[in-house]
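Residue numbers (the numbering used here), protein chains in the order written: chain V, 1 to 699; chain S, 1 to 320.
Don't read these hints as lab results, they were simulated from the structure. We put the CB at the ideal spot given by N, CA and C, even for glycine. Be aware that one or more of the hints could be misleading.
Stated by the list, open to error - Here are the simulated lysine to any residue pairs, SDA-like style, with alpha carbons at most 20 Å apart:
| hint | chain 1 | residue 1 | chain 2 | residue 2 |
| --- | --- | --- | --- | --- |
| 1 | V | K216 | S | G294 |
| 2 | S | K44 | V | L230 |
| 3 | V | K232 | S | E45 |
| 4 | S | K53 | S | G294 |
| 5 | S | K275 | V | R25 |
| 6 | V | K232 | S | D269 |
| 7 | V | K232 | V | L8 |
| 8 | V | K476 | V | A487 |
| 9 | S | K43 | V | R25 |
| 10 | S | K44 | V | A487 |
| 11 | S | K275 | V | R218 |
What the hints assert, rightly or not - Only some residues are given here: those of chain S computed to face chain V with a beta carbon under 8 Å:
| hint | residue |
| --- | --- |
| 12 | A29 |
| 13 | T41 |
| 14 | E276 |
Claimed, not checked - Here are some, though not all, of the chain S residues that point toward chain V, as calculated from beta-carbon distances under 7 Å:
| hint | residue |
| --- | --- |
| 15 | R23 |
| 16 | V24 |
| 17 | N25 |
| 18 | S27 |
| 19 | A28 |
| 20 | R32 |
| 21 | R40 |
| 22 | T200 |
| 23 | R240 |
| 24 | R281 |
| 25 | Q284 |
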Amino acid sequence: MVQKHARLFAVLESMDNGKPIRETRDLDIPLVARHFYHHAGWAQLLPTEFPGYGPVGVVGQIIPWNFPLLMLAWKVAPALAAGNTVVLKPAEFTPLSALLFAELAAQAGLPAGVLNIVTGDGATGAALVSHPGVDKIAFTGSTEVGKIIRKATAGSGKKLSLELGGKSPFIVYEDADLDAVVEGVVDAIWFNQGQVCCAGSRLLVQEGIHDRLIEKLRARMETLRVGPPLDKGIDMGAIVAPEQLERIRALCAQGEVEGATRYQATSAVPSTGCFFPPTLFTNVSPASTIAQVEIFGPVMVAMTFRTPEESVALANNTVYGLAASLWTENINLALDIAPKLKAGVVWVNATNLFDAAAGFGGYRESGFGREGGKEGMWEYLLPEGATRASEATVRRAREEKRATARAPETPREPVLSPIEQVDRTAKLFIGGKQARPDSGYSRAILDLKGRIVGEAGEGNRKDLRNAVEAAHAAAKGWATSTGHLRAQILYYIGENLSARADEFAARLRTMTGASGREATREVEQSIECCFAYAAWADKWDGAVHQVPFRGVAIAMQEPIGVVGVVAPSEPPLLGFVSMIAPLIATGNTVVAIPSEAHPLAATDLYTVFESSDLPGGVVNIVTGASEVLGQVLAEHDDVEAFWFMGTEAGRRTMELASAGNMKRTFCRITPRDGSVPDDMRALLREATQVKNIWVPYGA
Amino acid sequence: MSEHTLPRNAGQPLDLERVRAIRVNRSAAERRAATIPTRRTVKKEWQAAWLLKAITLMDLTTLSGDDTAGNVTRLCAKARRPVRVEILAALGAESLGITVGAVCVYHRWVETAVRALEGSGIPVAAVSTGFPAGLSPFETRLAEIHASVAAGAREIDIVITRAHVLTGDWTALYDEVCAFREACGDAHLKAILATGELATLTNVARASWVAMQAGADFIKTSTGKEGVNATLPVSLVMARQIREYAEATGCQVGYKPAGGIRAAKPALDYLLLMKEELGVRWLQPDLFRFGASGLLTDIERQLEHHVTGRYAAAHRQPMP
Numbered sequence: 001m002v003q004k005h006a007r008l009f010a011v012l013e014s015m016d017n018g019k020p021i022r023e024t025r026d027l028d029i030p031l032v033a034r035h036f037y038h039h040a041g042w043a044q045l046l047p048t049e050f051p052g053y054g055p056v057g058v059v060g061q062i063i064p065w066n067f068p069l070l071m072l073a074w075k076v077a078p079a080l081a082a083g084n085t086v087v088l089k090p091a092e093f094t095p096l097s098a099l100l101f102a103e104l105a106a107q108a109g110l111p112a113g114v115l116n117i118v119t120g121d122g123a124t125g126a127a128l129v130s131h132p133g134v135d136k137i138a139f140t141g142s143t144e145v146g147k148i149i150r151k152a153t154a155g156s157g158k159k160l161s162l163e164l165g166g167k168s169p170f171i172v173y174e175d176a177d178l179d180a181v182v183e184g185v186v187d188a189i190w191f192n193q194g195q196v197c198c199a200g201s202r203l204l205v206q207e208g209i210h211d212r213l214i215e216k217l218r219a220r221m222e223t224l225r226v227g228p229p230l231d232k233g234i235d236m237g238a239i240v241a242p243e244q245l246e247r248i249r250a251l252c253a254q255g256e257v258e259g260a261t262r263y264q265a266t267s268a269v270p271s272t273g274c275f276f277p278p279t280l281f282t283n284v285s286p287a288s289t290i291a292q293v294e295i296f297g298p299v300m301v302a303m304t305f306r307t308p309e310e311s312v313a314l315a316n317n318t319v320y321g322l323a324a325s326l327w328t329e330n331i332n333l334a335l336d337i338a339p340k341l342k343a344g345v346v347w348v349n350a351t352n353l354f355d356a357a358a359g360f361g362g363y364r365e366s367g368f369g370r371e372g373g374k375e376g377m378w379e380y381l382l383p384e385g386a387t388r389a390s391e392a393t394v395r396r397a398r399e400e401k402r403a404t405a406r407a408p409e410t411p412r413e414p415v416l417s418p419i420e421q422v423d424r425t426a427k428l429f430i431g432g433k434q435a436r437p438d439s440g441y442s443r444a445i446l447d448l449k450g451r452i453v454g455e456a457g458e459g460n461r462k463d464l465r466n467a468v469e470a471a472h473a474a475a476k477g478w479a480t481s482t483g484h485l486r487a488q489i490l491y492y493i494g495e496n497l498s499a500r501a502d503e504f505a506a507r508l509r510t511m512t513g514a515s516g517r518e519a520t521r522e523v524e525q526s527i528e529c530c531f532a533y534a535a536w537a538d539k540w541d542g543a544v545h546q547v548p549f550r551g552v553a554i555a556m557q558e559p560i561g562v563v564g565v566v567a568p569s570e571p572p573l574l575g576f577v578s579m580i581a582p583l584i585a586t587g588n589t590v591v592a593i594p595s596e597a598h599p600l601a602a603t604d605l606y607t608v609f610e611s612s613d614l615p616g617g618v619v620n621i622v623t624g625a626s627e628v629l630g631q632v633l634a635e636h637d638d639v640e641a642f643w644f645m646g647t648e649a650g651r652r653t654m655e656l657a658s659a660g661n662m663k664r665t666f667c668r669i670t671p672r673d674g675s676v677p678d679d680m681r682a683l684l685r686e687a688t689q690v691k692n693i694w695v696p697y698g699a
Numbered sequence: 001m002s003e004h005t006l007p008r009n010a011g012q013p014l015d016l017e018r019v020r021a022i023r024v025n026r027s028a029a030e031r032r033a034a035t036i037p038t039r040r041t042v043k044k045e046w047q048a049a050w051l052l053k054a055i056t057l058m059d060l061t062t063l064s065g066d067d068t069a070g071n072v073t074r075l076c077a078k079a080r081r082p083v084r085v086e087i088l089a090a091l092g093a094e095s096l097g098i099t100v101g102a103v104c105v106y107h108r109w110v111e112t113a114v115r116a117l118e119g120s121g122i123p124v125a126a127v128s129t130g131f132p133a134g135l136s137p138f139e140t141r142l143a144e145i146h147a148s149v150a151a152g153a154r155e156i157d158i159v160i161t162r163a164h165v166l167t168g169d170w171t172a173l174y175d176e177v178c179a180f181r182e183a184c185g186d187a188h189l190k191a192i193l194a195t196g197e198l199a200t201l202t203n204v205a206r207a208s209w210v211a212m213q214a215g216a217d218f219i220k221t222s223t224g225k226e227g228v229n230a231t232l233p234v235s236l237v238m239a240r241q242i243r244e245y246a247e248a249t250g251c252q253v254g255y256k257p258a259g260g261i262r263a264a265k266p267a268l269d270y271l272l273l274m275k276e277e278l279g280v281r282w283l284q285p286d287l288f289r290f291g292a293s294g295l296l297t298d299i300e301r302q303l304e305h306h307v308t309g310r311y312a313a314a315h316r317q318p319m320p
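If we strip away everything but chain V, and leave its shape as in the complex, we get:
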């Protein structure tokens, strides 16, 4: 249907948005068709490729105005392929192609109610986000609105995928083909008037070639044509709306005030209408406003670097992490730099390449979740039997009613009991060392009868600050260590735990009152868990995607970085081990808060870690009040992901707190049967993020 009406869509989209007809005709619409073809394939393969998984349910989708129909396709195709039903809100500036699409979908026989388009502004979007009948929200748009959505859905159990803003680096090394680079810049920032979330908008140039490249760019800018969007012979059309034009103008003025040099071509720009000429700023530094904020217009800012290392530092010097483009004829350099860039997509000697078979999505405040490829399909799937958010809402309402009838429990007074062995007060475990808590307090750990069975450090914010720093210090080495080494260490941890199995089982019995059989079983399962993730450590492979061009698109599984973990209260040992094992197996470092009630199972692990060659700082443990400490971690701007298992109220608190830096979260309510998740692949997916590296080649 899309192909049959390709030209109608192309014209409609151009008129509605102001983008050049050449782009809608040659890029937007063919990619839309490609997305539906590709995902029709996933629908076919669903039972065999995603066994045990089913649709999430009702999906609410909110899309932006920069690629109206393409963004619809990116959202609707995987959602329908996975069997979901959809409520989609197109952008208020550009609803027309979505409405045409809905008409054609109905003609094509899509059953009524499967795809629903609701036009409107932000208020409509907010209503969709907070609707109790929605099981998942998928949003593409600004980071600002992304944060609002993150907060609005906190604690709701709704699945969430966000594709947000960017200030993507465009890095040019001294051996690059400079004429190729010039056209790359055209495709990066003067494509779609620069209104592209992944636009390469920070030009980072090796110092020695800066002047020559700027000279070439300025010459090229003279031949760019800005004009009416329906004219086939233009390079840039209109800015979407007067308010966006005003924002671009204001930011450019700000850039000049701050000392940057503006260059705009002398060629004519239409005197009426929403037009803005291609613009290049030089004399820009990272401290400039225009080097930090997303302009979302045809404005490039140029800076220089001296060494490959500095190029990475500058590239990553941003709150965003959507895409990056790097230019060099040296494959050693390219493949060294690509993994170091904090971005979900890296293009080598190219930019703005997209395909349905390769995932697209960000790191950091550019959001989480992927669109396209197998990695994108997971966003629209739930394990069979899992509770949908909308069902949980209904159940919660029922339970709240019941709970008010129940009498509150009275807390027990601690009873002092004679300690059986030499007093061991557990400290905290930070940077591979046992550290006393900053507070100088310890908390008594009680058994079921209220007897004190030991003491653990009372961790606070400062301990967490130190732990996060230690985790960062260890992060680079651990992330780049081999899977083989991480496997060996995890096996070693399992072996050492096994050697002390009786002691750990006894501890569990004392703390939780578990039977001997139950305690032994928990220790055995914990050992097995170490072994299982040890096995995975060198097998969690990426993929090479089949994209339709001469080159490779490598989907790498990368660790997220420093991950905050709040382990469930029970089971105290297995709950803890089952959360940290997948994280460290995949190269993350961890700051973990163990069971608040029974932390000694985790503190006993200090010596296990110490004797297992686990590098200091890979696992850091801070004992204390789980949800208080958890919130500090969830708020921490230098923690890159956050895992939580606890109460429903706790989940909401944590998800709300995470909105500060839009860290990826994995928050679950502890199941009543005390089981821990055993779908290892699902945990490994949560522990990693996919980076797609596009490498076109040709002798």
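Since the structure of chain V is provided, determine the placement of chain S on it from the hints.
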């Protein structure tokens, strides 16, 4: 209009370091080449004007083993009157004196062509130096140039020794082209690189640079006899080297794509490429030529269609 007015490229000492530093990213070049025809297009009267322009930029060519005085003379007659008078009248272009840029033949037919074109101002170009493979004895190749110049050729299309490029022997290539240039005297030298046999775009760019430093007035893609002849990516790469050379030396060197350009639309793509990458100055016959034989007929058909509104037939255009 075919008079050469620019100062000739005097050449430069060979800069080996610069040659070796040239790198072309093939995928990027192909992407750019692919969007030149989609970013720019000319329609209606502008299209007709561009097509007339294309005729003036044409080296009308016959390079066949079975060429005779008869068909060469016929070709020259067509070179003088490339478009039917009534079509020119309908376009209001009678007074423009439109002729092709040159006639291109083997040495054997230079004198024939010169005689047939007498008084027209249209120069004769001779393919030379062991065309198309370029593997005759060096002295023979020089002698060929001398003979063609003596016979009245004002342009000499030489072929290079591809082995020099494939083995990276840039000095040998430079010396060879320098010697040919010297042999040409006042005749202009067009250096055929045979890009279809140079393996990589980087080789094409380096060979272009060396030929220009050796004093080539034009660089040209192909003999028309290789498996792959002119393409847009190759043209992009050569045009960019011409630009680099002009920026470095102030000398403007011409460009000639040849082989396989048979239809009007793709021909305009080459002109768009020149305008985008090098500017309008490179749309004059002293800096741009098509090497083509069948192209003219298709252009005539398009012009007739423009005039009558009816699709045109080849047999209604006078044969070259």
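A quick look at each hint next to the structure:
no.	hint	verdict
1	V:K216 with S:G294	violated (37 Å)
2	S:K44 with V:L230	holds (17 Å)
3	V:K232 with S:E45	holds (16 Å)
4	S:K53 with S:G294	holds (16 Å)
5	S:K275 with V:R25	violated (24 Å)
6	V:K232 with S:D269	holds (14 Å)
7	V:K232 with V:L8	holds (15 Å)
8	V:K476 with V:A487	holds (17 Å)
9	S:K43 with V:R25	holds (18 Å)
10	S:K44 with V:A487	violated (69 Å)
11	S:K275 with V:R218	holds (16 Å)
12	A29	holds (7 Å)
13	T41	holds (5 Å)
14	E276	holds (6 Å)
15	R23	holds (5 Å)
16	V24	holds (6 Å)
17	N25	holds (4 Å)
18	S27	holds (4 Å)
19	A28	holds (3 Å)
20	R32	holds (5 Å)
21	R40	holds (5 Å)
22	T200	holds (5 Å)
23	R240	holds (5 Å)
24	R281	violated (14 Å)
25	Q284	violated (18 Å)
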